[in-house]
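Student: So the sequences go chain by chain: A and B.
Residues in the first sequence are numbered from 1 upward in steps of one, following full-length UniProt numbering.
Residues in the second sequence are numbered from 1 upward in steps of one, following full-length UniProt numbering.
Hints should not be assumed to be uniformly reliable.
With a Cα cut of at most 27 angstroms, we get these calculated DSSO-like pairs of lysine-lysine [stated by the list, open to error]:
| id | chain 1 | residue 1 | chain 2 | residue 2 |
| --- | --- | --- | --- | --- |
| 1 | A | K81 | B | K176 |
| 2 | A | K184 | A | K173 |
| 3 | A | K8 | A | K20 |
| 4 | A | K8 | A | K81 |
| 5 | A | K159 | A | K176 |
| 6 | A | K31 | A | K50 |
| 7 | A | K50 | A | K253 |
| 8 | A | K184 | A | K159 |
| 9 | B | K176 | A | K173 |
| 10 | A | K173 | A | K125 |
| 11 | A | K159 | B | K235 |
| 12 | A | K125 | B | K235 |
Quick caveat, the hints were computed from the structure, so don't treat them as lab data.
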Amino acid sequence: MENIIEVKNISYQYPSSTSKALDNLSFSVTKGEWVAIIGHNGSGKSTLAKLLNYLLVADAGEILIDGQLVNEANMWTVRNKVGMVFQNPENQFVGATVADDVAFGLENRGIERERMLALVPAALKEVQMDVFADREPTHLSGGQKQRVALAGIIAVAPKIIILDEATAMLDPKGRKEVIAAIRKLKDRLGKELTVISITHDIDEAADADRILVINDGQLVEEGTPATIFSSGQRLLALGLDVPYAEQLKLALKNLDVDVPEEYLDEERLVQWLWQLNLKM
Amino acid sequence: MSNMIIGRYVPGNSIIHRLDPRAKLILSVSFIILIFLANNWLGYLILGLFTLLAVASTKISLAIYLKGLKPVLWLIVFTIVLQLFFSPSGHVYWAFGPFTVTNTGIINAVYVFLRFLFIILMSTVLTLTTQPLALADALEYLMKPLLKIKFPVYELSLMLAIALRFVPTLMDETVKVMNAQRARGVDFANGSIVKRSKAIVPILIPLFVGAIQRAIDLGDAMEARGYQGGENRTKFRVLAWQRRDSLAVLVFMCVLVILVGTRFLM
Numbered sequence: 001m002e003n004i005i006e007v008k009n010i011s012y013q014y015p016s017s018t019s020k021a022l023d024n025l026s027f028s029v030t031k032g033e034w035v036a037i038i039g040h041n042g043s044g045k046s047t048l049a050k051l052l053n054y055l056l057v058a059d060a061g062e063i064l065i066d067g068q069l070v071n072e073a074n075m076w077t078v079r080n081k082v083g084m085v086f087q088n089p090e091n092q093f094v095g096a097t098v099a100d101d102v103a104f105g106l107e108n109r110g111i112e113r114e115r116m117l118a119l120v121p122a123a124l125k126e127v128q129m130d131v132f133a134d135r136e137p138t139h140l141s142g143g144q145k146q147r148v149a150l151a152g153i154i155a156v157a158p159k160i161i162i163l164d165e166a167t168a169m170l171d172p173k174g175r176k177e178v179i180a181a182i183r184k185l186k187d188r189l190g191k192e193l194t195v196i197s198i199t200h201d202i203d204e205a206a207d208a209d210r211i212l213v214i215n216d217g218q219l220v221e222e223g224t225p226a227t228i229f230s231s232g233q234r235l236l237a238l239g240l241d242v243p244y245a246e247q248l249k250l251a252l253k254n255l256d257v258d259v260p261e262e263y264l265d266e267e268r269l270v271q272w273l274w275q276l277n278l279k280m
Numbered sequence: 001m002s003n004m005i006i007g008r009y010v011p012g013n014s015i016i017h018r019l020d021p022r023a024k025l026i027l028s029v030s031f032i033i034l035i036f037l038a039n040n041w042l043g044y045l046i047l048g049l050f051t052l053l054a055v056a057s058t059k060i061s062l063a064i065y066l067k068g069l070k071p072v073l074w075l076i077v078f079t080i081v082l083q084l085f086f087s088p089s090g091h092v093y094w095a096f097g098p099f100t101v102t103n104t105g106i107i108n109a110v111y112v113f114l115r116f117l118f119i120i121l122m123s124t125v126l127t128l129t130t131q132p133l134a135l136a137d138a139l140e141y142l143m144k145p146l147l148k149i150k151f152p153v154y155e156l157s158l159m160l161a162i163a164l165r166f167v168p169t170l171m172d173e174t175v176k177v178m179n180a181q182r183a184r185g186v187d188f189a190n191g192s193i194v195k196r197s198k199a200i201v202p203i204l205i206p207l208f209v210g211a212i213q214r215a216i217d218l219g220d221a222m223e224a225r226g227y228q229g230g231e232n233r234t235k236f237r238v239l240a241w242q243r244r245d246s247l248a249v250l251v252f253m254c255v256l257v258i259l260v261g262t263r264f265l266m
């Protein structure tokens, strides 16, 4: 398996801070993987996102993206390979209209206009925002703006997409739409796209192939969603929410109900629940 | 906030709306210069007819134009009064202390009034029928010669476009901050001017802090999307000069020639 991201012993400290935001952190991501990075506020996960894209420069350690060292000389090729969706929908909308915003990344890469005229509508169609092409950002909801941001990334076709708390400021409906759009994209591109989703929304993390738990700038746990969520108490201790299904399981356990050990999503928990009394 | 000057664009599909923003920008500016060429009633009549033609062909109701005149009404009145009472030469109709009303004074007052009227109407035609962003594009195109002296034309026009794009965002934020403070008992509408001005300061601080945070975020987002400055960028939005634009310039040239003609005739 080819590693598309390799993070080796990186540390970072903000100039105004007394403690390290990231402390000797190492991990790797294989090509085509969907990895969720979870941690409470201030755990260093957004700092990590910015380091991957050379928006911040690590104090120590090195990062390899697609075999290329992330440094000043390579920063623009690295940024070509990594698309980022940020947290605040309003503050990443550069263009005056939806189509202009999607075209921004293409303009930066010097793509001829004829190709843009084909790429922009295609990217908007992918996130189902094509009818809004001429809209101004003021007339869009947060979820719609995030989908436009995603379209802007789809248009430039990077190998890696980093979602830096991309759904944190959205209402539940907008959140579902954005996650659905990403999942659709991932299904279409398969192994060609690697997704890093930085979040404290546990339900979003449950979609990932693998979860990394970060606390105080260090990797504290790593595993599939099932194994991570089954240690519910530990997550709570790290200041993280446990998925609703897992909370219910915990409550049942406290009532001396014999619950399965492995992680169940809501659907499978319902399946298990309705069969529970049949077995008795 | 609906009576803001910026973004007064009224959507429409009239011939003026469809003109190239470059044509509109050049012609509006030239028209303002042209006005000062008129020195007799025939010239003003021709300019008046041309202005009315432009206003009428926008198909926007006259009420909106009159609203545009309102903010500068006092300036116009002041200038007219100045012209009317302080003209030193000509036949004196009425005099009281330093105030004299003469025939040249009356004529000058009328001319000044007409100049103001035409300039405001024409620039209103420009802003009502042209999206601010299209104007920014036009400005970028017209400033291109300045690239030769290393003037950052592309950066400036992107700055202008982003500023325009964030006007509604920041206005929303202002309303939010004001509402939050109203909910805590701040009164913006009553009290003396000093008291009301003092109430503004606590609005500005969160607004500035918010705007700076936005700017930082936007900078990150732009860099992440590969923005490296103006050079080597292609443009998604392009302006297309069409026959009707050349025609508009032609009409304008005719007015210019006739106007110059009246100077010799009268």
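Student: In ascending order, which of the hints set out earlier in this document are inconsistent with the structure?
Tutor: 1 and 7
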